[in-house]
Amino acid sequence: MRAPDLLQFAAQSLAGARKRTLMMLLAMSIGVASVVLLTALGEGARRYVVGEFASLGTHLLIMLPGRTETTGGAPPLFGETPRDLTLDDATSLLRERSIRRIAPLTVGNAPVSFGSREREVTVLGSTRDLFPIRHLTLGSGQPLPDIDPQRAANVAVLGPGLRKELFGGQRALGQWVRINDRRFRVIGVIAEGGESLGQNLDDMVVIPVASAQALFNSPSLFRVLIEARSKEDIEPAKRAAREIIRQRHDGEDDVTLISQDALLSTFDKILRALTYTVGGIAAISLAVAGILIMNVMLVAVSQRVAEIGLMKALGAARGEVLRIFLVEAVMLAASGAVIGLAVAALGIVGLRHVFPAFPLTPPLWAPLAAVGVAVVAGLVFGVLPARRAARLDPVKALTGR
Amino acid sequence: MIVLDAIERDFTVGDEVVHALDQVSLELAAGDYVSVMGPSGSGKSTLLNVLGLLDRPNSGSYRLEGVETTTLNEEKRAALRREHIGFVFQAFHLVPRLTAADNVALPMLLGGIAPKERERRVAEVLESLGLSDRARHRPDQLSGGQRQRVAIARAIVMRPALLLADEPTGNLDQHSGGEVIDLIEELNAGGITLVVVTHDQAIGQRATRRIRMVDGRVDSDTRHART
Numbered sequence: 001m002r003a004p005d006l007l008q009f010a011a012q013s014l015a016g017a018r019k020r021t022l023m024m025l026l027a028m029s030i031g032v033a034s035v036v037l038l039t040a041l042g043e044g045a046r047r048y049v050v051g052e053f054a055s056l057g058t059h060l061l062i063m064l065p066g067r068t069e070t071t072g073g074a075p076p077l078f079g080e081t082p083r084d085l086t087l088d089d090a091t092s093l094l095r096e097r098s099i100r101r102i103a104p105l106t107v108g109n110a111p112v113s114f115g116s117r118e119r120e121v122t123v124l125g126s127t128r129d130l131f132p133i134r135h136l137t138l139g140s141g142q143p144l145p146d147i148d149p150q151r152a153a154n155v156a157v158l159g160p161g162l163r164k165e166l167f168g169g170q171r172a173l174g175q176w177v178r179i180n181d182r183r184f185r186v187i188g189v190i191a192e193g194g195e196s197l198g199q200n201l202d203d204m205v206v207i208p209v210a211s212a213q214a215l216f217n218s219p220s221l222f223r224v225l226i227e228a229r230s231k232e233d234i235e236p237a238k239r240a241a242r243e244i245i246r247q248r249h250d251g252e253d254d255v256t257l258i259s260q261d262a263l264l265s266t267f268d269k270i271l272r273a274l275t276y277t278v279g280g281i282a283a284i285s286l287a288v289a290g291i292l293i294m295n296v297m298l299v300a301v302s303q304r305v306a307e308i309g310l311m312k313a314l315g316a317a318r319g320e321v322l323r324i325f326l327v328e329a330v331m332l333a334a335s336g337a338v339i340g341l342a343v344a345a346l347g348i349v350g351l352r353h354v355f356p357a358f359p360l361t362p363p364l365w366a367p368l369a370a371v372g373v374a375v376v377a378g379l380v381f382g383v384l385p386a387r388r389a390a391r392l393d394p395v396k397a398l399t400g401r
Numbered sequence: 001m002i003v004l005d006a007i008e009r010d011f012t013v014g015d016e017v018v019h020a021l022d023q024v025s026l027e028l029a030a031g032d033y034v035s036v037m038g039p040s041g042s043g044k045s046t047l048l049n050v051l052g053l054l055d056r057p058n059s060g061s062y063r064l065e066g067v068e069t070t071t072l073n074e075e076k077r078a079a080l081r082r083e084h085i086g087f088v089f090q091a092f093h094l095v096p097r098l099t100a101a102d103n104v105a106l107p108m109l110l111g112g113i114a115p116k117e118r119e120r121r122v123a124e125v126l127e128s129l130g131l132s133d134r135a136r137h138r139p140d141q142l143s144g145g146q147r148q149r150v151a152i153a154r155a156i157v158m159r160p161a162l163l164l165a166d167e168p169t170g171n172l173d174q175h176s177g178g179e180v181i182d183l184i185e186e187l188n189a190g191g192i193t194l195v196v197v198t199h200d201q202a203i204g205q206r207a208t209r210r211i212r213m214v215d216g217r218v219d220s221d222t223r224h225a226r227t
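Residue numbers (this note's numbering), protein chains in the order written: chain A, 1 to 401; chain B, 1 to 227.
No lab work stands behind these hints, which were simulated from the structure alone. Heads up, the beta-carbon is just placed ideally off N, CA and C, and yes, glycines get one too. It is possible that part of the hints are untrue.
Claimed, not checked - Which bits of chain B does chain A cover? Going by a derived footprint, with three or more residues having C-beta under 8 Å, they are:
1. 50 to 60
2. 134 to 143
3. 216 to 226
Stated by the list, open to error - Selected chain A positions facing chain B (Cβ under 8 Å, derived; list incomplete):
4. Gln-12
5. Arg-318
6. Ser-335
Make the full structure from the sequences, and use the hints.
Written as structure tokens, this is what we have:
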């Protein structure tokens, strides 16, 4: 039998048993679609996290007061050491050549009001360098002024959400807002859509670090963000920063340094493994679809006994009959896989519509692997029914015995 | 053309061995018109299946056009079937999802003949059997007589030397059965060797050579003038 004839013959017999064919296509397409969709979700999660880290800043080190021992445990979120991390500690880091810039960070909650409107929001105290380090862009106005970090200044940069809530349609720049009992002039508004590590910058206000320390009456810093000059400088910067602080803290090594790259690669590895895992789990459904193909093909063989006997009488050898049924099984699996890809593509478009911020893209290997596994399943599970058909005794097949 | 020598075909039914063909020796010449008759279980269908290479004898020799077939492998027997033997069955055995033309083309499809050549030969055969206007019909849109004619078209499309018919009129009424017999007799007159297995005395009596089988043996083998 010539190859195109074989394909056409298989297609005709699949079209001849419509209900059976549709059922198998459904099973196969669900399998393929679930592999592609689940790996797309896993890959999307990975990209999301990687993207978040990237927006946190490049070549970034984060210094926390307090020390976690290597015995484990989460890094301390709040200082657990008697010695504070001070503004002087932070500025002294700039002596190190491998460190390009730093941004001290003080965080607290305070009511912010304008006129009769008041909101309780997170107040960030920092310096001008926070903006380039965190890749913050301004919608309007200016960032914090480039002044000595020790100096307070009554200026504030608002998050876009806070600006909307306090000012509505009014112009915010140049207006005075009240934070706790101090007055601050609005000099800038952060651009919309700024999000960093899931922390929404929408409802925040950024003021100079000295003003924040005065506001919360605390000399201690929450974090120091350190930006190294290059990727190669991250390690030297980390060592130098630790050394500088130790000298300043009487030889006590009492800060924790987290490098973003280390975190990033860990997350990357974990999420990649997760993607493979969900892909593998979904692949089980492909195997189930393969078994369904086998069962339904076995039924098809017993229903087409007379036809098989006839083909043998017309001069089809065993190998020919085997080939005909295998081609049918593989064709089913492949068409199911193609439908599954289409379903997955639709699903991805739909999910993107619902969650526009989530970077939902299947990894390249996923559709290829899914189709490959589907076709192999069709082939493997098609062998048994095809062999049964090939081995039928034509005399018995034709007489229906 | 066909030489059967001491053909033996046994089936085991339970503990018993049944001799469906018991030392059958026969010679058929090219162009013979043979009817095989006999009671049920006399081995006439088994004989037909052995002649058609669908069944393998347990012992004995079967030469078809000088080729010893009993030692051939599956593949070669299938090829011989395709090239030299046409089958007509009582139950027609048309593939229901294919049109009449596609059913007729099936042996050529299996033989790997190019589509153009297939089309030409299908059209030719359907034309000669007066079925041209039924080419696009599926079996369920045809009458019984038309179905059997399509089956005959399929049997002769490879231009076989031997046509084997197993109760070809068994599922047909008197009139269309007569037409089918006329048709295969015409083919026989054209030179094809025809073997008809039947219960029907009237049909059996039309053959010029009449074989009667009893208990797996050839009971009588007589030649008659064409009526």
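Hint check:
1. 50 to 60: With 3 residues close enough to chain A, the hint holds.
2. 134 to 143: violated (count 0)
3. 216 to 226: violated (count 0)
4. Gln-12: This hint holds: Gln-12/A lies near chain B, its Cβ roughly 6 Å from the closest one there, short of 8 Å.
5. Arg-318: 5 Å, holds
6. Ser-335: 18 Å, violated
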